[in-house]
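Following the hints, position chain B against chain A.
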Amino acid sequence: MGSHLLLVAPPPAHMIRKDPVLEAYQQEITYVFHALRWLGARPQEIEDLAQEVFIALRRSWSHYDSSRPLRPYLFGVAFRVVSMQRRKRRHEVAFARLEVRDWGPGPDDELQAKQARAMVLRALEKIPLRRRAILVMHDLEQVPVRQVATTLSLPLFTVYSRLRKARAELQAALRRITKDGSGS
Amino acid sequence: MKTPPPLPPDLEALLAPHRTVLPLAPSVEARAIARAAAVAESPQQGVARASSPPRWVFAAAAGLVLALGAGAYAARTWIAAPPPPVPARVAPIAAPRPSEPHLPIVAAPVETEAPEPIAPLAPPHVRRGVGKASAPAVATNAELQLLRTARQDVTRGDFAGALAVIAEHVRSFRNGALVEEREALRVKSLAGLGRQEEAQRAAAEFHRRFPHSVFLSTFERMKETDR
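Chains as they are written, first to last, in the working numbering: chain A, 4 to 187; chain B, -7 to 219.
Hints in this document: simulated from the structure, not taken from any laboratory. Some hints could be false.
Simulated crosslink set (SDA-like; lysine to any residue; CA at most 25 Å straight-line) [unchecked claim]:
no., chain 1, residue 1, chain 2, residue 2
1, A, Lys168, B, Asp2
2, A, Lys168, B, Leu(-1)
3, A, Lys182, B, Ala8
4, A, Lys182, B, Pro1
5, A, Lys117, A, Ile32
6, A, Lys91, B, Leu155
7, A, Lys117, B, Pro0
8, A, Lys129, B, Leu14
9, A, Lys117, A, Ala176
10, A, Lys129, A, Gln88
11, A, Lys182, A, Gly43
12, A, Lys168, B, Leu6
13, A, Lys117, B, Glu21
14, A, Lys182, B, Leu(-1)
15, A, Lys168, B, Pro9
16, A, Lys129, B, Glu4
17, A, Lys129, B, Pro(-3)
18, A, Lys182, B, Pro9
19, A, Lys91, A, Leu124
20, A, Lys91, B, Val162
21, A, Lys182, B, Ala5
22, A, Lys129, A, Arg45
23, A, Lys129, B, Thr12
24, A, Lys168, B, Glu4
25, A, Lys168, B, Ala8
26, A, Lys168, B, Pro(-4)
27, A, Lys91, B, Ala159
28, A, Lys117, A, Gln145
29, A, Lys91, B, Gly153
30, A, Lys182, A, Glu128
31, A, Lys129, A, Leu177
32, A, Lys168, B, Leu7
33, A, Lys129, B, Leu(-1)
34, A, Lys182, B, Arg163
35, A, Lys129, A, Tyr163
36, A, Lys91, A, Pro131
37, A, Lys91, B, Arg163
38, A, Lys117, B, Ala152
Looking at chain A on its own, in the form it has when it is part of the complex (with noise of 0.2 Å):
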């Protein structure tokens, strides 16, 4: 009986902008994802874990600053959904190895770039993740330190402490993968 209702026009797009929440989620929909991807998700669960972030971000809305930029903040969130479902994962399977799987359009002359992506994400699986977060949050996302430390409710000197050790582990991990890869 109710078949026929998912042939009619879809609802105006007006209908799912009205609330705040959902229309920066939808804005920053694309770095979620990359967010999401940098930390260590799984590429069969960044789906899942995007709508744990909104459903995180719903429920800390009134507790974001709109005077600061919002990417830091929805960093943080990701972060903390991650961290979640690891914590949850944990009993279950090691670490998986992670696959690469390009969300976006991808052109195949673009194989060299996504080669190097999915070596920097194989050296970054081997940072723990409360020290990659730090990692991606400054060097790749240029994220101000004392920022980080705001955002991820951290002292200062335990952000910079973290983050060299994260530096010094990720070129550990790339020198490792660099001769395995020349090795075979």
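Positioned in the frame of chain A, the structure of chain B alone reads:
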């Protein structure tokens, strides 16, 4: 320490190209937004936690409900308790009047509480909606949008994506107006992914819940195609 040391040049060279945010595939983006819109319209999840009352309010309310329930139960038990056994009332023996016919002396019937009538059970697919009096009878735009996305995924062959949307529909519109369509799409998606056993189980469940559905003929055709 004001700023951290700059990134070593080799790391900088490696990370720099990845600072751009890559665009999403349109279908992925549309699906993600449709799922979020469904949550935004869903009354259960649409409330911000910050504006909700603190937990102790819920705990107090739950305690009050429990106390009231226990009190009501105790009162009902006390009221419904059978009275102490009373000897059957016996009609006083009196000499029959000459004008009245001779009546046998009988014990007056003791009034007993009539058993409460038991309401007939609704069929399973109707009973599922019980308790959600406010469940929408007509599909909302969000529900419609969500299932349309799932249907498009099935048409495109993205069965895993369709299952994700279906799961979202379950979360947001468990007893929505389009449950029948959702479950039909689930069967198709499972079959499309080659998860035959699960598809068969889902089809059997569908048959049980919607014995007169028009989708059943589709499943039959799917089975014949498989053979």
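Evaluated hints:
1. A:Lys168 to B:Asp2: With Cα atoms ~16 Å apart, Lys168 (chain A) and Asp2 (chain B) stay inside 25 Å; holds.
2. A:Lys168 to B:Leu(-1): Holds, at about 12 Å.
3. A:Lys182 to B:Ala8: With a Cα-Cα distance of about 22 Å, the restraint between Lys182 (chain A) and Ala8 (chain B) holds, given a limit of 25 Å.
4. A:Lys182 to B:Pro1: Distance ~19 Å between Lys182 (chain A) and Pro1 (chain B) Cα, so the pair holds.
5. A:Lys117 to A:Ile32: Given that 25 Å is the threshold and the Cα spacing comes to 21 Å, the pair holds.
6. A:Lys91 to B:Leu155: 22 Å, holds
7. A:Lys117 to B:Pro0: Distance of about 22 Å is within 25 Å: holds.
8. A:Lys129 to B:Leu14: 23 Å, holds
9. A:Lys117 to A:Ala176: Measuring from Cα to Cα gives roughly 18 Å; hence the hint holds.
10. A:Lys129 to A:Gln88: 18 Å, holds
11. A:Lys182 to A:Gly43: 23 Å, holds
12. A:Lys168 to B:Leu6: Holds. Lys168 (chain A) to Leu6 (chain B) sits at ~18 Å (cutoff 25 Å).
13. A:Lys117 to B:Glu21: Measuring from Cα to Cα gives roughly 20 Å; hence the hint holds.
14. A:Lys182 to B:Leu(-1): Roughly 22 Å separates the two Cα atoms, so the pair holds.
15. A:Lys168 to B:Pro9: Status holds; Cα separation ~22 Å.
16. A:Lys129 to B:Glu4: At roughly 18 Å apart (the allowed maximum being 25 Å), Glu4 (chain B) and Lys129 (chain A) satisfy the hint.
17. A:Lys129 to B:Pro(-3): Holds: Lys129 (chain A) and Pro(-3) (chain B) sit about 22 Å apart, inside 25 Å.
18. A:Lys182 to B:Pro9: Status holds; Cα separation ~22 Å.
19. A:Lys91 to A:Leu124: Cα-Cα ~22 Å, so holds.
20. A:Lys91 to B:Val162: 22 Å, holds
21. A:Lys182 to B:Ala5: 19 Å, holds
22. A:Lys129 to A:Arg45: Given that 25 Å is the threshold and the Cα spacing comes to 14 Å, the pair holds.
23. A:Lys129 to B:Thr12: 23 Å, holds
24. A:Lys168 to B:Glu4: Roughly 16 Å between the alpha carbons, so the hint for Lys168 (chain A) and Glu4 (chain B) holds.
25. A:Lys168 to B:Ala8: 20 Å, holds
26. A:Lys168 to B:Pro(-4): Between Lys168 (chain A) and Pro(-4) (chain B) the Cα gap is close to 12 Å, so the pair holds against 25 Å.
27. A:Lys91 to B:Ala159: 19 Å, holds
28. A:Lys117 to A:Gln145: Status holds; Cα separation ~21 Å.
29. A:Lys91 to B:Gly153: 23 Å, holds
30. A:Lys182 to A:Glu128: 17 Å, holds
31. A:Lys129 to A:Leu177: 10 Å, holds
32. A:Lys168 to B:Leu7: Holds, at about 17 Å.
33. A:Lys129 to B:Leu(-1): 19 Å, holds
34. A:Lys182 to B:Arg163: Violated - the C-alpha atoms of Arg163 (chain B) and Lys182 (chain A) are around 47 Å apart, more than 25 Å.
35. A:Lys129 to A:Tyr163: 19 Å, holds
36. A:Lys91 to A:Pro131: Given that 25 Å is the threshold and the Cα spacing comes to 16 Å, the pair holds.
37. A:Lys91 to B:Arg163: Status holds; Cα separation ~19 Å.
38. A:Lys117 to B:Ala152: 24 Å, holds
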